[in-house]
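When you get a sec, could you build the whole thing from the sequences and use the hints?
Chains A and B are the protein sequences, given in the same order. For the first sequence, position 74 matches number 74 in my numbering, and the numbering has no gaps at all. For the second sequence, position 13 matches number 13 in my numbering, and the numbering has no gaps at all.
No wet-lab data here; the hints were simulated from the structure. Any given hint might turn out to be false.
Each pair of labels, with its calculated beta carbon distance range [unchecked claim]: (1) A:V34 / B:P80: 56 to 64 Å; (2) A:V22 / B:A170: 55 to 63 Å; (3) B:W97 / A:S15: 20 to 28 Å; (4) A:V33 / B:T93: 55 to 63 Å; (5) B:K197 / A:Y56: 34 to 42 Å; (6) A:L11 / B:I64: 40 to 48 Å.
Virtual Cβ for every residue (Gly too), placed ideally from N, Cα, C.
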Amino acid sequence: MNTDILSQFGLSFWSLAKWFYVVLYLLYFGFAVVVGRQMQLMHKTLGGTGVVSLRYLGIGLVVVSGLAMLLALVIL
Amino acid sequence: MLMPEVFSAEEKKEKKQLDLTQSGGSLSSFVVRPKGVRFETQDKDEEVVLLLRQHPVVNVGWVISAIVMLVLPGLWELIPNISVMPARFVFFTMLFWYLLVTAFVIEKFLNWYFNVYIVTDDRIVDIDFWGLLYKNMTVVRLESIEEVNYTQAGGLAAMFNLGDIYIQTAAERREAEFLRVAQPEKIVGIIYGLMEKKEK
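In structure tokens:
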């Protein structure tokens, strides 16, 4: 990538890379939401299998991915 | 004298095959009379006799893949010119990689854990989840079953006593399949026992 062109617009390669990472984490967050929702539906289809923590695993994944996205936004 | 022995052997075999003592834990692939398990369309007085999953050995492939994926970041230094990447980008790249591995493991585990085969005292239910977005539930009533067959093929099947069970009704196409389940002979015996009990 020609960094001279970027610097003309006040951008740097790493500032663009930051937004690439943020988008990646945003996509992952969306994926985590779908997985969490699917785990809820799975529990509705087949409940009482004894592993209650699976339900909270979905919630945990959404929370962790959301936090990671926010961290990427702030730190990068 | 041979005939009575055959009949008594059959009766003993029936009783043995209908041995429905509660067994199996929450991560088992063969659970008899599972406690507290209910599925979506279950009737109030319907009892779950068997809760089956594919034999745990089917998970070996993705477990090995996950271990390799966990170890791969150790080869980070081998990537050419990687030292120009700022430390915070290295951190977030690693973090994203491990989140990907986590998602891979969770998806594979859920796929195994929730793809179940249920045998109740009234019907047979095959619940399939494909990927994340597709769910299929096949239900076959015990009284409509014509044949229950099973096959065991290959070294893995012989070593771990796993096989495929095919349930046939009067319909032209095969109605339900239990793939790569443990102890297929015992499962077929239990299904036949339940069918006979239903007829009486």
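Here is what the structure says about each hint:
Distance hint check for V34 (chain A) and P80 (chain B): the Cβ-Cβ separation is about 36 Å, which falls outside the suggested range of 56 to 64 Å. For the hinted restraint 55 to 63 Å between V22 (chain A) and A170 (chain B), the CB-CB distance of approximately 58 Å keeps it satisfied. Taken as a hint, the range 20 to 28 Å holds for the pair W97 (chain B) and S15 (chain A), whose Cβ atoms sit roughly 22 Å apart. Checked against the hint of 55 to 63 Å, the C-beta distance between V33 (chain A) and T93 (chain B) comes to roughly 23 Å, which is inconsistent with it.
At roughly 40 Å, the beta carbons of K197 (chain B) and Y56 (chain A) sit within the given window of 34 to 42 Å. Taking the beta carbon of each, L11 (chain A) and I64 (chain B) are about 43 Å apart, inside 40 to 48 Å as hinted.
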